[in-house]
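Q: Read top to bottom, the protein sequences are chains C and E.
So the number in the working numbering is just where the residue sits in the first sequence, counting from 1, plus 9.
So the number in the working numbering is just where the residue sits in the second sequence, counting from 1, plus 237.
Be aware that one or more of the hints could be misleading.
Below, simulated PhoX-like cross-link-like pairs (lysine-lysine); rule was C-alpha separation at most 20 Å, straight line [claimed, not checked]:
#1 E:K545 - C:K109
#2 E:K443 - E:K576
#3 C:K72 - E:K378
Since the hints were made in silico from the structure, they are not lab data.
On a predicted model such as this, the values are computed, not experimentally measured, just so you know.
As a plain string of letters, each chain reads:
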Amino acid sequence: MTSPQQPVGSAYFLTDSKEKEETHTLSILVDNEPGVLARVIGLISGRGYNIDSLTVSEISHQKHISRITIVTVGTPRVIEQITHQLERLIPVHRVYDLTKGGAHVERELALVKVQGKGDARLEALRLAEAFKATVADASTEHFVFQITGRPGKIDQFISLMKPLGLANVARTGIAALSRGADQV
Amino acid sequence: MARELTGAEIIIKALMEQGVEHIFGYPGGAVLPIYDEIFKQNHFEHILVRHEQGALHAAEGYARSTGKVGVALVTSGPGATNAVTGLTDAMLDSIPLVCITGQVPTALIGLDAFQEADIVGITRPCTKHNYLVKSVDDLAKVIHEAFYIARSGRPGPVVIDIPKDIQFASGPYQSPAKIGHPTYRPQLKGDQNDIRRAVDMIAAAKKPVFYTGGGVINSGTAASTLLRELVKITDFPITSTLMGLGAFPASDKHWLGMLGMHGTYEANLAMHDCDLMINIGARFDDRITGRIDAFSPDSTKIHIDIDKSSINKTVNVDLPIIGDVAHVLEDLLGVWKDKKPKRDTKALAAWWRQIEEWRGIKCLNYKPDHEHIMPQYAIERLYELTKDKDTYITTEVGQHQMWAAQYYHFEEPNRFMTSGGLGTMGYGLPAAVGVQIAHPDALVIDIGGDGSVQMTMQEMATAVQYGAPIKIFILNNSYLGMVRQWQELLHEERYSHSYSEAMPDFVKLAEAYGGVGFKVEKPDELDDAIREMIAVDKPVLFDCRVQKLANCFPMIPSGEAHNNMLLGDSDDIGSAIGSKGKMLV
Ligand SMILES: Cc1ncc(C[n+]2csc(CCOP(=O)(O)OP(=O)(O)O)c2C)c(N)n1
Chain C
10 MTSPQQPVGS
20 AYFLTDSKEK
30 EETHTLSILV
40 DNEPGVLARV
50 IGLISGRGYN
60 IDSLTVSEIS
70 HQKHISRITI
80 VTVGTPRVIE
90 QITHQLERLI
100 PVHRVYDLTK
110 GGAHVERELA
120 LVKVQGKGDA
130 RLEALRLAEA
140 FKATVADAST
150 EHFVFQITGR
160 PGKIDQFISL
170 MKPLGLANVA
180 RTGIAALSRG
190 ADQV
Chain E
238 MARELTGAEI
248 IIKALMEQGV
258 EHIFGYPGGA
268 VLPIYDEIFK
278 QNHFEHILVR
288 HEQGALHAAE
298 GYARSTGKVG
308 VALVTSGPGA
318 TNAVTGLTDA
328 MLDSIPLVCI
338 TGQVPTALIG
348 LDAFQEADIV
358 GITRPCTKHN
368 YLVKSVDDLA
378 KVIHEAFYIA
388 RSGRPGPVVI
398 DIPKDIQFAS
408 GPYQSPAKIG
418 HPTYRPQLKG
428 DQNDIRRAVD
438 MIAAAKKPVF
448 YTGGGVINSG
458 TAASTLLREL
468 VKITDFPITS
478 TLMGLGAFPA
488 SDKHWLGMLG
498 MHGTYEANLA
508 MHDCDLMINI
518 GARFDDRITG
528 RIDAFSPDST
538 KIHIDIDKSS
548 INKTVNVDLP
558 IIGDVAHVLE
568 DLLGVWKDKK
578 PKRDTKALAA
588 WWRQIEEWRG
598 IKCLNYKPDH
608 EHIMPQYAIE
618 RLYELTKDKD
628 TYITTEVGQH
638 QMWAAQYYHF
648 EEPNRFMTSG
658 GLGTMGYGLP
668 AAVGVQIAHP
678 DALVIDIGGD
688 GSVQMTMQEM
698 ATAVQYGAPI
708 KIFILNNSYL
718 GMVRQWQELL
728 HEERYSHSYS
738 EAMPDFVKLA
748 EAYGGVGFKV
758 EKPDELDDAI
768 REMIAVDKPV
778 LFDCRVQKLA
788 NCFPMIPSGE
798 AHNNMLLGDS
808 DDIGSAIGSK
818 GKMLV
């Protein structure tokens, strides 16, 4: 009855997924109660999912509702799992997969510290103007630029600052809303 | 305005209003006010266990055999951490529990106070939900909500952590006014269009199989009744997971036996070869699917589940129906009776002929032994001598658990309590205590292994104290048998630390606790001893010395497909698992 052979699969799904990974932005409306962020993050790390970016803040003081925005990477099946697992949490009102939903707006704010003198310094300021970044702090030896926009724009700005004396970066993570008149 | 109550009084009143009749617990400093109120009341009985893990498993056994929420009460710190295994067990098997834990006073939280543990943090991933009550004003509402969450939707354990100062503080009591929750709304009814589609698919099937699970039992007895009707109407074969045993009667001709790693040949081959799989309240667990990329390759799959996150988690399905089993089956049967669809009876007859052929293999046969008690034989005899009684079976974890599932046959739901998801050795003995407390006149038997029962043996004292005449039927092979079997299969019989050099004298042990002990070594002594055991009205340790090296078959080796089963010791089992399979558990 047996045919001793090399098993290729696994009882624990060691099979490599052939599905391609995608980046999705999830918008999660939750009751703003103690520990809710820990529940969300604990679930994601406990089940081995990724978080690329996370923001959270209360959006309705009367109703005590917060919006958690998570950017995560996974195969479509994993993304579906994350969504459904998050929806199982008791204080979670709804989970919107903004990426699946189509067009949406994503914005981020970054503070970018650049050190330097002379030409590099001038070049940094010129580029900052081109990117509509503002100067949040400055001395004769540094700038702190404040830039907002799509994450891609911020990535690009940071990489341009690298040769000009990039010293430090702080990013807020992504805030996102769907386009159009709907509620999300 | 109503009189204000203390937190401890609120707890008692809320439990009472929730219809709680028994709670399992263990006292300590952080729950003394609650214990003081328990002392003063007689609405419910408190069962003093001997270890908090025992309280949780007893509450699980109580819940599973009654369909009600099991309740446990433990103190802060070590009391609460001892409860974690039971909570996790209930989480994985979807058992409704409410566990109240004491906590250090609010002002001391975070200061590493004596017996402080962040139990909300620790139990977040192993509970359906948990609460830290920071104001006595919230207490009643939280308790009622906890019961609602524990029993509704996909059931699970809920922890309520109550600081000691909240137990002393006074506040208003609130009755369980309206059920419901602003964000938690389990979906009970399935989508009607999907149900109609399911009926069409079921009617068209040529090689169908019902694959049922614990969801049927959790849905309540109505679900089991509806399931029986559905099987009768369709004339389809049916198999079930370990968790679902009893939802469908094992004596029925449509029954294929359990499926999965130690399931029957006919059940697993029917799963592998079917053209339509109807999953009712099961979750495609890895013990069931085996090698996932070879799992039932040619079938269309319907999946009925109350938990959306179970859909497409491991196996992609063609038609998911989110809803409670009883609700969905009722609607499905309604549609079926309206439509009166024609089934492909010719194809079904051929499918049944094929199944009969697989049945003919008689995969549960084993070599009889007249010298030693074969463990399979012991369960067979236990079954024959107890089947006509009001019997409940719990198990520990290991080979004996699988033999119990294979050779003890269940006709009704809520009769078989076993740790399926977590596989917790030590579950069965305290679970039996819980079952016996719920059903004082029933025959409650824990089918155990010599290893497992020693993990929670102390609950014998609980059984004695409360006059719970549980029968601990130990298949004693001196080995951690399931570990030894895997070492035989995977590690060339290097039995590393799977043999118990020192075995307690279970007869003396039983007597030491105030129970009764039996020891049986010969097959021809077995029946009489079992009869005597049944007649004893005290807790029993039954030391059934079995063939030490018996293996549990059939078996799908890890990493293999359903149609590649090991059937018995005649197979060359040492080489059955390839190098990759050895990495798995
Ligand atoms: C708490 C716990 N620890 C370890 C294991 C791993 N384990 C699974 S089965 C088994 C052996 C069980 O031995 P025994 O209770 O004697 O039963 P048998 O298999 O011999 O019937 C072990 C150690 C487990 N399931 N649970």
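Q: If a hint holds in the structure, say so; if it doesn't, say that too.
A: For each hint, the structure was consulted:
Restraint check for E:K545 and C:K109: the C-alpha separation of about 18 Å stays at or below 20 Å, so the hint holds. Between E:K443 and E:K576 the alpha-carbon distance is near 19 Å, which keeps this suggested pair within the 20 Å criterion. The straight-line distance between the Cα atoms of C:K72 and E:K378 is roughly 18 Å, inside the 20 Å bound, and the hint therefore holds.
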